[in-house]
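Novice: Starting from the given sequences, assemble the full structure and let the hints guide the process.
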Amino acid sequence: MMIRVKMLANYREILPPEAINGVVELNVPMGTTVYDAISKFDIPLDDTSVIVLNGLTVELDTPLQEGDMVTAFSAIAGG
Amino acid sequence: MYGWHLKILRVNLTTRKVTTEEVDPKIARDYLGGRGWAIHYMYKEMDPMADPLSPANMLIFATGPLTATPAPTGNRYMVVTKSPLTGALAHSNSGGEFPTWMKRTGFDMFIFEGKASEPVYVLVNEDQVEVRSAAHLWGKDVHETTDILKAETSNDARVACIGQAGENLALMAAIMNDKHRAAARSGVGAVMGSKNLKAVVAMGNKNPPLHDPEGMRALSVETSKNVGVDVKKGSNMRIYGTSYVPQVTNTLGILPTRNFLQGTFEHVHNIDGDALKDNYLIRHTPCYRCPLSCGRLTEVPDGPYKGKGEGPEYETISSLGTGCGVSNLAALVKANYLCNEFGMDTITTGMTIAVAMEMYEKGYLSEEVIGMPLKFGDHDAMIAMIKKMAYMEGFGKDLAMGSYRLAEKYGHPELAVTVRKQEFPGYDPRGSQGMGLLYATSNKGASHMEGDVAYEEVFGVPVKENPLTTEGKPELVKHFEDSFALIDSSGLCVFVAIRYVFNKDRMIWPERLSEMMNLSTGAGYTPEEVMQAADRVYTLERMFLIKAGSGPEHDTLPHRMLHEPLPDGPAKGKVVELDKMLPEFYKKRGWDEKGYPTKEKLMELGLPF
Numbered sequence: 002m003m004i005r006v007k008m009l010a011n012y013r014e015i016l017p018p019e020a021i022n023g024v025v026e027l028n029v030p031m032g033t034t035v036y037d038a039i040s041k042f043d044i045p046l047d048d049t050s051v052i053v054l055n056g057l058t059v060e061l062d063t064p065l066q067e068g069d070m071v072t073a074f075s076a077i078a079g080g
Numbered sequence: 006m007y008g009w010h011l012k013i014l015r016v017n018l019t020t021r022k023v024t025t026e027e028v029d030p031k032i033a034r035d036y037l038g039g040r041g042w043a044i045h046y047m048y049k050e051m052d053p054m055a056d057p058l059s060p061a062n063m064l065i066f067a068t069g070p071l072t073a074t075p076a077p078t079g080n081r082y083m084v085v086t087k088s089p090l091t092g093a094l095a096h097s098n099s100g101g102e103f104p105t106w107m108k109r110t111g112f113d114m115f116i117f118e119g120k121a122s123e124p125v126y127v128l129v130n131e132d133q134v135e136v137r138s139a140a141h142l143w144g145k146d147v148h149e150t151t152d153i154l155k156a157e158t159s160n161d162a163r164v165a166c167i168g169q170a171g172e173n174l175a176l177m178a179a180i181m182n183d184k185h186r187a188a189a190r191s192g193v194g195a196v197m198g199s200k201n202l203k204a205v206v207a208m209g210n211k212n213p214p215l216h217d218p219e220g221m222r223a224l225s226v227e228t229s230k231n232v233g234v235d236v237k238k239g240s241n242m243r244i245y246g247t248s249y250v251p252q253v254t255n256t257l258g259i260l261p262t263r264n265f266l267q268g269t270f271e272h273v274h275n276i277d278g279d280a281l282k283d284n285y286l287i288r289h290t291p292c293y294r295c296p297l298s299c300g301r302l303t304e305v306p307d308g309p310y311k312g313k314g315e316g317p318e319y320e321t322i323s324s325l326g327t328g329c330g331v332s333n334l335a336a337l338v339k340a341n342y343l344c345n346e347f348g349m350d351t352i353t354t355g356m357t358i359a360v361a362m363e364m365y366e367k368g369y370l371s372e373e374v375i376g377m378p379l380k381f382g383d384h385d386a387m388i389a390m391i392k393k394m395a396y397m398e399g400f401g402k403d404l405a406m407g408s409y410r411l412a413e414k415y416g417h418p419e420l421a422v423t424v425r426k427q428e429f430p431g432y433d434p435r436g437s438q439g440m441g442l443l444y445a446t447s448n449k450g451a452s453h454m455e456g457d458v459a460y461e462e463v464f465g466v467p468v469k470e471n472p473l474t475t476e477g478k479p480e481l482v483k484h485f486e487d488s489f490a491l492i493d494s495s496g497l498c499v500f501v502a503i504r505y506v507f508n509k510d511r512m513i514w515p516e517r518l519s520e521m522m523n524l525s526t527g528a529g530y531t532p533e534e535v536m537q538a539a540d541r542v543y544t545l546e547r548m549f550l551i552k553a554g555s556g557p558e559h560d561t562l563p564h565r566m567l568h569e570p571l572p573d574g575p576a577k578g579k580v581v582e583l584d585k586m587l588p589e590f591y592k593k594r595g596w597d598e599k600g601y602p603t604k605e606k607l608m609e610l611g612l613p614f
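So the sequences go chain by chain: A and B. Take any residue in the first sequence, note its place counting from 1, add 1, and you have its number in our numbering. Take any residue in the second sequence, note its place counting from 1, add 5, and you have its number in our numbering.
Note that these hints are calculated values from the structure, not bench results. Misleading hints may appear alongside valid ones.
[Claimed, not checked] Ranges of calculated distance between the beta carbons of each label pair, as one might list FRET restraints:
{"no.": "1", "chain 1": "B", "residue 1": "Lys592", "chain 2": "A", "residue 2": "Leu57", "range": "22 to 32 Å"}
{"no.": "2", "chain 1": "A", "residue 1": "Ala20", "chain 2": "B", "residue 2": "Pro378", "range": "37 to 47 Å"}
{"no.": "3", "chain 1": "B", "residue 1": "Lys12", "chain 2": "A", "residue 2": "Asn22", "range": "48 to 58 Å"}
{"no.": "4", "chain 1": "B", "residue 1": "Val468", "chain 2": "A", "residue 2": "Gly32", "range": "21 to 31 Å"}
Built from N, CA and C at the ideal position, the CB exists for glycine as well.
Specialist: Structure below.
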């Protein structure tokens with residue numbers, strides 16, 4: 002199934018060149034979780050990163066569905 | 006005593022009498038400094054029912070015990086007054102260099118009273134204080150005023166001033182310092198204008214003596230190193246500042262779009278931090294002694310929006326940009342420059358234009374009244390409105406009263422997205438419930454800077470909270486309100502303080518802020534004592550609001566937030582569930598079920614009842 006991973010701000014630097022506006026598409030097997038998808042990328046997987054699924058706060062072991070978007074950014078003081 | 010000078014400068018602009026006063030060390034300790042000291046004096050001396058634009062209002066500039074010390078980001082001051090926009094309190098924070106220079110005059114706080122008979126500026130060069138004519142400055146913008154004053158005083162002086170918006174008593178007028186930094190919100194610049202006070206110029210070499218200079222230096226170096234490491238691995242504030250945030254809030258569906266009609270903006274990529282970096286960024290520009298350095302010098306090199314200055318920050322992008330449906334980045338950058346030059350709060354400016362745009366599109370405001378069409382997304386009309394507001398020209402007179410008064414005048418107050426008549430910042434609370442409770446109860450009307458629980462609900466600092474739930478939010482909001490009262494009183498910037506003050510259990514790290522306060526002042530605070538002092542400050546402010554007629558009956562949210570579900574994004578279908586949070590919040594604050602501080606709470610904090 003196809004899912005998308007989006008990186009914000011400086012996390013975009015680790016994305017492959019085919020990323021558009023910080024988004025890459027991935028073909029992953031059924032049962033892939035948020036953690037499985039995001040751990041393909043070299044970002045900290047601790048509380049210094051914020052990871053959301055379709056903009057929602059979820060557990061990292063949540064299984065993905067076709068068309069889902071996983072977004073990650075660095076936890077840092079805001080606006 | 007150390008850290009504080011324990012000295013206040015009082016300037017009566019009516020009589021031009023200048024006096025200095027000592028501060029009681031117990032008051033200094035109990036109210037921390039900055040915002041805390043200011044409310045102590047306002048509550049003691051001022052009639053809370055006074056007209057904010059009358060000579061009876063007090064205008065207070067206040068530094069904290071960490072201002073002008075080696076503490077990283079110890080470069081802030083507060084402007085505290087009664088707000089003409091809200092009728093509640095204004096306490097607006099700013100950094101840059103002026104606050105440090107102000108503290109080096111040998112005074113912790115300046116109090117301006119009365120009203121000058123003609124335009125003046127006040128020069129404070131240590132104990133030499135002069136009230137000088139500002140006739141030659143009236144009508145000039147912030148940049149011109151700053152340049153002239155430095156030329157006629159000293160290049161070593163630093164300037165805080167108003168632009169045309171403050172002179173003309175526009176209710177979104179800011180007080181600008183070092184040209185680009187703003188004590189922005191709640192119309193503080195209009196209060197300064199009402200006193201005929203164009204500028205304050207500060208210079209001197211009186212650094213406050215520190216209780217333990219070596220200890221302070223060591224802790225500051227260690228903290229700065231930690232910040233440096235985080236800047237490298239984190240979102241890199243030196244490149245983006247806060248301009249990376251539109252992507253975050255758009256992802257969560259809480260990016261104010263077209264006067265909060267939507268929570269996502271389809272053209273966000275055109276105006277976000279990456280677009281700014283790729284097109285107009287020159288370099289980062291830190292406040293004094295800041296290891297984070299989120300300010301950015303930018304330039305639009307050519308074309309109709311040619312200009313150079315600092316920013317825009319997130320709050321400007323979410324108000325003048327997405328709030329107005331504007332996707333032209335060059336025009337948005339130019340609008341930000343104009344607001345800085347005229348001396349205007351970009352949030353209230355942008356969101357007031359946004360409500361006018363909605364009213365125009367719905368037929369409630371005509372082209373004849375406005376003087377031109379005013380559709381969402383029309384960036385040239387947005388820029389034209391800014392100029393009209395600053396100069397109070399034509400329809401600009403209506404706009405300059407802010408969105409609530411504008412919408413009310415033309416029959417649709419329900420379209421104004423305000424609390425206590427102050428416009429919302431850039432987090433739609435329908436998708437960030439804690440922010441909804443904060444806006445509803447804040448002592449200065451809708452504001453993120455009163456206790457920004459978006460740090461947890463949006464940014465994951467110090468821990469990530471689900472923004473769509475209400476459970477636990479009353480306690481969280483109280484904690485953040487007290488934390489911000491502490492930070493605003495200390496002289497630090499929230500960007501560093503919030504990350505390095507609290508641990509993952511949201512407990513204050515004794516070795517961090519309270520220890521810094523002790524190294525500076527020698528006051529021997531425990532972490533519990535500084536948090537209780539912050540509670541004291543917040544509660545006394547609430548008492549001022551009650552006496553000013555801005556009490557619990559105003560603890561609510563506008564129609565759109567309570568009754569119109571978000572139509573798009575991850576928070577689709579949500580409204581703010583305020584009634585689920587408000588009673589518990591009152592209880593957590595030690596207030597009764599109607600929202601009044603209880604006698605027991607006032608006694609516990611040592612406040613009058």
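Novice: Could you tell me whether the CB distance from Val468 (chain B) to Gly32 (chain A) stays inside 21 to 31 Å?
Specialist: With Cβ atoms ~29 Å apart, the hint holds.
Novice: Verify the CB-CB distance for Lys592 (chain B) and Leu57 (chain A) against the hinted window 22 to 32 Å.
Specialist: Holds - the Cβ-Cβ distance for Lys592 (chain B) and Leu57 (chain A), about 30 Å, lies within 22 to 32 Å.
Novice: Given a hinted range of 48 to 58 Å, is it respected by the beta-carbon distance of Lys12 (chain B) and Asn22 (chain A)?
Specialist: holds, 54 Å
Novice: Between Ala20 (chain A) and Pro378 (chain B), is the Cβ distance one that fits in 37 to 47 Å?
Specialist: The hint (37 to 47 Å, Cβ to Cβ) holds, given that Ala20 (chain A) and Pro378 (chain B) are roughly 39 Å apart.
The structure fails none of the hints (numbered hints given earlier).
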